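Colleague: Sequence:
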Amino acid sequence: MRTLDDIRDEYEFLEGDERYRLLIELGRELEDMPAALKTDATLVRGCSASVWVYPTTREDGTLHFLADSNAAITKGIIALVLSAVQDRAPATILATDIDAALSPFDLRAQLSSNRTQGIPNMIALIRATAERLS
Numbered sequence: 054m055r056t057l058d059d060i061r062d063e064y065e066f067l068e069g070d071e072r073y074r075l076l077i078e079l080g081r082e083l084e085d086m087p088a089a090l091k092t093d094a095t096l097v098r099g100c101s102a103s104v105w106v107y108p109t110t111r112e113d114g115t116l117h118f119l120a121d122s123n124a125a126i127t128k129g130i131i132a133l134v135l136s137a138v139q140d141r142a143p144a145t146i147l148a149t150d151i152d153a154a155l156s157p158f159d160l161r162a163q164l165s166s167n168r169t170q171g172i173p174n175m176i177a178l179i180r181a182t183a184e185r186l187s
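In our numbering, the protein residues as written are 54 to 187.
Calculated directly from the structure, the hints in this document are not laboratory data. Incorrect hints may appear among the rest.
Stated by the list, open to error - Within a straight-line C-alpha distance of at most 25 Å, the following computed DMTMM-like cross-link-like pairs (lysine to aspartate or glutamate) qualify:
1. Lys-91 to Glu-184
2. Lys-91 to Glu-78
3. Lys-91 to Asp-140
4. Lys-91 to Glu-112
On a predicted model such as this, the values are computed, not experimentally measured, just so you know.
Construct all of the structure, not just a fragment, from the sequences and the given hints.
Modeller: Structure below.
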């Protein structure tokens, strides 16, 4: 997975449709989430598209998230959110201001409100997982 800094550097040079294409590309780069994990329990509520997030804990105690969506742009947004927290310790995730990390992307100005309405719920799920495991 690309780092958030690398994504931001590329994103800043792009405009309009190119930014959409980058988000779609990021979504395609997510590792596959097995269909068996796409359940009601892993479904993120409040998203306009179906979004599933499944947390796993690695041997070193870091959190690794599997995620998927039935919409290409939304899947890219998930990839962007995860790039801020993927493979980090729960305490580090809790100390990360994910909203601030994503602010340079100005997603609310770039995308429709339908596309961005689920972002707070994705972040809340990630933070709740980190809190539970810290």
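Colleague: Please go over all the hints and tell whether each is borne out by the structure.
Modeller: Against the structure, the hints:
Straight-line distance between C-alpha atoms of Lys-91 and Glu-184 comes to about 22 Å, which keeps the hinted pair within the 25 Å bound. Note on Lys-91 and Glu-78: the hinted pairing holds, with a Cα-Cα distance of about 21 Å set against a maximum of 25 Å. Proposed proximity of Lys-91 and Asp-140 is supported: the alpha carbons are some 21 Å apart, at most 25 Å. In summary, the hint linking Lys-91 to Glu-112 is supported, as the alpha carbons are separated by about 23 Å, within the 25 Å threshold.
In this structure, every one of the numbered hints holds.
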